[in-house]
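Engineer: So the chains spell out like this:
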Amino acid sequence: AAGVIQSPRHLIKEKRETATLKCYPIPRHDTVYWYQQGPGQDPQFLISFYEKMQSDKGSIPDRFSAQQFSDYHSELNMSSLELGDSALYFCASSYTGGPGNTIYFGEGSWLTVV
Amino acid sequence: KNEVEQSPQNLTAQEGEFITINCSYSVGISALHWLQQHPGGGIVSLFMLSSGKKKHGRLIATINIQEKHSSLHITASHPRDSAVYICAVTIHGSSNTGKLIFGQGTTLQVKP
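These protein sequence lines map, in sequence, to chains D and U.
Quick note on numbering: the first sequence equals residues 1 to 114 in the working numbering.
Quick note on numbering: the second sequence equals residues 1001 to 1112 in the working numbering.
Quick caveat, the hints were computed from the structure, so don't treat them as lab data.
All C-beta atoms, glycine included, are put in the ideal place defined by N, C-alpha and C.
Wrong hints could be hidden among the right ones.
[Stated by the list, open to error] Which bits of chain D does chain U cover? Going by a derived footprint, with three or more residues having C-beta under 8 Å, they are:
| no. | stretch |
| --- | --- |
| 1 | 33–43 |
| 2 | 60–68 |
| 3 | 80–86 |
| 4 | 102–108 |
Using the sequences plus the hints, can you model the full thing?
Structural biologist: Below is the structure:
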């Protein structure tokens, strides 16, 4: 069965550059969530989208933005990158109308800022 | 103090042993999730609980809402169970299931 697909899996950027991460939810899933996990840290919720509208916001820096497109894939845009942005970024998806709203996670995208 | 606390932080077991990982939380929740994270980052959702007990294969998860405590049990542990196990909660009243508060994870190593 198709899972949550994230790309790229690994990304190296320099300080002050911009990075874009993509998340393709499981087909028919209407909700996407983004999380950030710094080295040795707990994951932190960043932002979520339901039916292409932002549904909730967590600890997402102002330098970051995200959106969900008409095909339900989502992109996380990160500008003016800082060394502290180096982390694993993973997304998840769910179908709000499904039983228990089970969340399915992607493999994550590793961002290294040098 | 973190809103979600796990214990132990690290656990080493011999193959075949029964394993318990604990999670305590200090906020009202609508659901509790047990997640498994393997080296390289991929996360798998093992259970989502709002009450009682769930079982899937060798894994059992229980939750006591009154005590704000959940446990994840692994029976007949195997080296392939080696991973980080993360407890995460959805805050009560939140309709956004995926807006999670995560525990710090328990690193499990099962030796053959």
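Engineer: So, for every hint listed, does it hold in this structure?
Structural biologist: Outcome of the hint check:
1. 33–43: Holds: 5 residues of the stretch 33–43 of chain D have a Cβ under 8 Å from chain U.
2. 60–68: violated (count 0)
3. 80–86: Not satisfied, violated; 0 residues make the cut.
4. 102–108: holds (count 7)
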